[in-house]
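Visitor: Chain by chain, the residues:
2 protein chains.
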Amino acid sequence: MMILIVGGVAGGASAAARARRLSKEAEIVMIERGSHPSFANCGMPYYIGGTIESRNKLLVSPIERLRNRYRLDVRVRESVESIDRAKKQVLIKRLDTGEEYTESYDKLILAPGAAPFKPPIPGIDLPGIYTLRNLEDADQLAAATEGAERAVIIGGGFIGIEMAENLVHRGLETSLVELSPQILPPWDAEMVAPLEQLLRDRGVKLHLGDSATEFRQVGEGLEVVMNSGATIMADFVVLSIGVRPENTLAVKAELDVAERGGIQVNRHQQTSDADIYAVGDAIEVTDVVSGTPVQIPLAGPANRQGRIAADHIFGRASQYRGTQGTAIVGLWDQGAAMTGLSEKVCQRLGLDYEKVYLHPGDHAGYYPGATSMAMKILFDPTSGKLLGGQVVGKRGIDKRVDVLAIALQAGMSVMDLEESELAYAPQYGSAKDPINMAGFIASGVVRGDHPVAHSTQLVADKLQDVTLLDVRTPEEFAAGAIPGSTNVPLDVLRNELNSIPKDKPVVAYCKVGQRGYMATRILMLEGYDVRNLSGGYTTYTQVAAASKK
Amino acid sequence: MMILIVGGVAGGASAAARARRLSKEAEIVMIERGSHPSFANCGMPYYIGGTIESRNKLLVSPIERLRNRYRLDVRVRESVESIDRAKKQVLIKRLDTGEEYTESYDKLILAPGAAPFKPPIPGIDLPGIYTLRNLEDADQLAAATEGAERAVIIGGGFIGIEMAENLVHRGLETSLVELSPQILPPWDAEMVAPLEQLLRDRGVKLHLGDSATEFRQVGEGLEVVMNSGATIMADFVVLSIGVRPENTLAVKAELDVAERGGIQVNRHQQTSDADIYAVGDAIEVTDVVSGTPVQIPLAGPANRQGRIAADHIFGRASQYRGTQGTAIVGLWDQGAAMTGLSEKVCQRLGLDYEKVYLHPGDHAGYYPGATSMAMKILFDPTSGKLLGGQVVGKRGIDKRVDVLAIALQAGMSVMDLEESELAYAPQYGSAKDPINMAGFIASGVVRGDHPVAHSTQLVADKLQDVTLLDVRTPEEFAAGAIPGSTNVPLDVLRNELNSIPKDKPVVAYCKVGQRGYMATRILMLEGYDVRNLSGGYTTYTQVAAASKK
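Chains as they are written, first to last, in my numbering: chain F, 1 to 549; chain Z, 550 to 1098.
Calculated from the structure, these hints are not laboratory results.
A few of these clues could be false.
As the list claims (entries may be wrong) - Computed footprint of chain F on chain Z, listed as stretches where at least three residues anywhere in the stretch have a Cβ under 8 Å from a Cβ of chain F:
(1) 577 to 586
(2) 717 to 726
(3) 975 to 989
What the hints assert, rightly or not - Restricting the straight-line Cα-Cα distance to at most 20 Å, the calculated cross-link-like pairs of lysine to any residue (SDA-like) are:
(4) Lys24/F <-> Leu1074/Z
(5) Lys1060/Z <-> Pro743/Z
(6) Lys1060/Z <-> Ser61/F
(7) Lys385/F <-> Ser603/Z
(8) Lys57/F <-> Pro743/Z
(9) Lys57/F <-> Gln1063/Z
(10) Lys754/Z <-> Ala959/Z
Heads up, the beta-carbon is just placed ideally off N, CA and C, and yes, glycines get one too.
So here's chain F without its partners, still in its complex pose:
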């Protein structure tokens, strides 16, 4: 059995290791275009920023180990140029000499990854414009930061904001340009508004809703010309506007490729040619929550797919269950995490959904060091089935998203989250964990006990002719409130019912939604048509910030 693997990073390396564990005889050849197979590409921004001090740290499995331990025939600085499916051969080019040779295969695994997208705009190929894909790129970018003073990052996704943090860490004046009106497009805009503020607070110049239209060499530097007409000067530019599946080989070999460029595979990772598998960033996968095709360039799924391809080659029925879009990104002491569908995806797909916001602490408030997080839960308004979750904050966001990820995998509802028994000690959580709280709140909505209104409706002027009732204390109200609201503190609400008209709907709110919920219950039991503004004033300020850009 001759297994030939194109690409030696996450998916390719996992496939190779798994294949060797299943077979002592198989010849396993791994062709890697770069100098290093199996490196930690998610660490590159932190290597450039200096948090990861040694480049060696990024070499997950040194070549020698792959050769000795896994008996892999690892060939670096070589590129597979074409596939002859009839002959089951590939044409390989040695990048340093230009020499070409052919190699046969019984099974071929394509794990070529995805390439940073370079838009076809004037000046795109000027020196000083970098992308970040492999260790050589990281080395070049690290070198570019030496002595540099100003950098421009094009693209505010994962790598864009990680690079922003790391370039600031390097002492550079950093600008970030993002076409959409928010950073981190997979998340909903209001959820990442605090991270945009964090970037600004740390000195990053954010240009949201703008894009680069031209790069010009000006003296030693580069001038970035933007769609808005503004220009930014930089010593170098980082392009991080997304990646495109590396499908050249697949297209040339006439394998099925999806409209958006991902190589199409079945659940065993087989392409339209049963002897050719494809894994990782180059393929299209199915989102298990929505059932729609997506591309998810992330290491976890790539590793899993690599294992599955190797399993299937050796007669095992392993299947990839699809992706659920779990992701996380750190930004200084904060971060954003998500799993499942965002609200914008629910809207795009025309799904019937409801949402709740909350701002729980990462651990018990009475124990020192608690910080609050913003959480958004999307669910089916009738069955309560979980559709997705987003968590943004300082601590404990990874835990809550991982718990939601498992709940989503299991097909749980928000009612199940009410009943979850999670670990509580004051350093770690709360007797009512944020997950339970999310369950309580969302289940209350499903059961009709807790009607909610949303700041997104308020800001879009869709909540007209309501009494907007601020049930916080007069001090909180004086420090900042939603325009048009009236202050009736919760603890005197029962005595002030006469001042609240019963002939039009009431929208109650507090700081985060807890007192607003109690106010809603009190007014409901008094016969009012009342809703609680989900997430309270805190979510309102996030929504307002997101809408003002």
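Go by the hints and put chain Z onto chain F.
Guide: Just chain Z now, with coordinates in the frame of chain F:
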């Protein structure tokens, strides 16, 4: 509707708040024996230790708020003495005056909690012997630490070890006496061995497998006489050897009470009298994994049960699904977490189970600050259904146990954990999260790809006549290895097969099990009868430490 609630902490307070949210008319009377309803009892050790500086922090809901916001009739320093079920009345005593009066109820909710157990040994009532149940106890203990130099803690459960940390924090010479041969009896012994070492490293004198048989007044101090004959002098003693359900009222009222003392309730929290509910530490619940009755004195379940009782009173069908034994405890910068069944419970119940150990990092090793954790997963050896998990370490233990808790709630198998899509960025996790790793390893065992042996068998001398093969490097081997093992480093294993006899079983091991797994695969494919020592040398040292006590 007149609802009378006995006890105003977790379960009682939750029931009261929920009842008010469901009804504006109900009269809700809460009788609390102490001075403060709704206080954070899990914070008391940290208040005594000074980590929580202000006592006010522990008052979750001040009485005034309960009265104004929830319109509760809160009566503190009062005790319910008896129940007249026929008349639906209770007899209440005012503790400060001794006065007694009766109060009627439509529905009665018993939330009296559990009382620290005081063994009937000589001197148990001497001054200077404290238990920790309410804020007055915490105040007394905090006062006792002033000017004291030596303390003895009897009992090494949650509160015992939390008190040990906090008394050390206060500068006291602290001894801890625990009857069983390990601290934290709900966990398996080998898993908490590192925490026992931590206690010793921080200066706590551990007396495991010993117990107090007498307390004597000696001058200003107390002498603790132990079963072993040893004695310890102390300025004061903390008794934390467990709690007993407070069932006096229930027994007097002839409600059904289980053999072990817990009040018996149905899924709606009703006792054998349909108008009397019971919640929290005083009741017996069902373990959902094993189906057996247990007592779980924890705040999370108590809160949930309180809500359910109130729901049911107002005609809702809410049910308590039972407990799964999720728990966590911190100890300085480390901690222990668990969910589901321990191995000792599996054994006691005669369950067919298998286990794996692993020692993954809390986040990617290439990103600074990663620490390793010890993880133990118990599962059905045929179906792979998850039975329980334990995680001990510095960081990320709460996250992994919460993920396991949800997986257990969902009835997932270890194969599901292989496929879990968890959040990965280098600060937060790994592309193959510890949960995925646990899934890979355990699934490999279920599928027969990865036979395992256990250090518990080795230490109990149940692995005789095997070749014990250390596949680590010669340097690691020289620094400490399992007695009787031979060193053949993994990377030369294929060349050294001649030196490994094929006619008897091989047990391979490395540091944590990863290289041992590869060695096992290599030898299996060569036709050996081979098993990997689960968790490697690291687990071996924990098992050896636990067996030597």
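Visitor: Indicate, hint by hint, whether the structure satisfies it.
Guide: So, going through the hints one by one against the coordinates:
Using a Cβ-Cβ cut-off of 8 Å, 0 residues of the segment 577 to 586 of chain Z lie near chain F, which falls short of the minimum of three, so the contact claim is violated. Residues of the segment 717 to 726 of chain Z lying with their CB closer than 8 Å to a CB of chain F number 0, which falls below the three-residue condition for coverage. Coverage of the segment 975 to 989 of chain Z by chain F holds in this model, with 9 residues showing a Cβ closer than 8 Å to a Cβ of that chain against a need of three. Between Lys24/F and Leu1074/Z the CA atoms are separated by roughly 6 Å; this keeps the pair inside 20 Å, and the hint holds.
For the proposed pair Lys1060/Z and Pro743/Z, the alpha carbon gap of about 16 Å is at most 20 Å, so the pair holds. Between the alpha carbons of Lys1060/Z and Ser61/F the distance comes to roughly 17 Å, so the proposed pair stays at or under 20 Å and holds. A distance of roughly 42 Å separates the Cα atoms of Lys385/F and Ser603/Z; the hinted pair therefore is violated under the 20 Å criterion. For the proposed pair Lys57/F and Pro743/Z, the alpha carbon gap of about 28 Å is over 20 Å, so the pair is violated.
For the suggested pair Lys57/F and Gln1063/Z, the alpha carbons sit about 19 Å apart, so the restraint of at most 20 Å is met. Our distance criterion of 20 Å between C-alpha atoms is broken by Lys754/Z and Ala959/Z, whose separation comes to about 42 Å.
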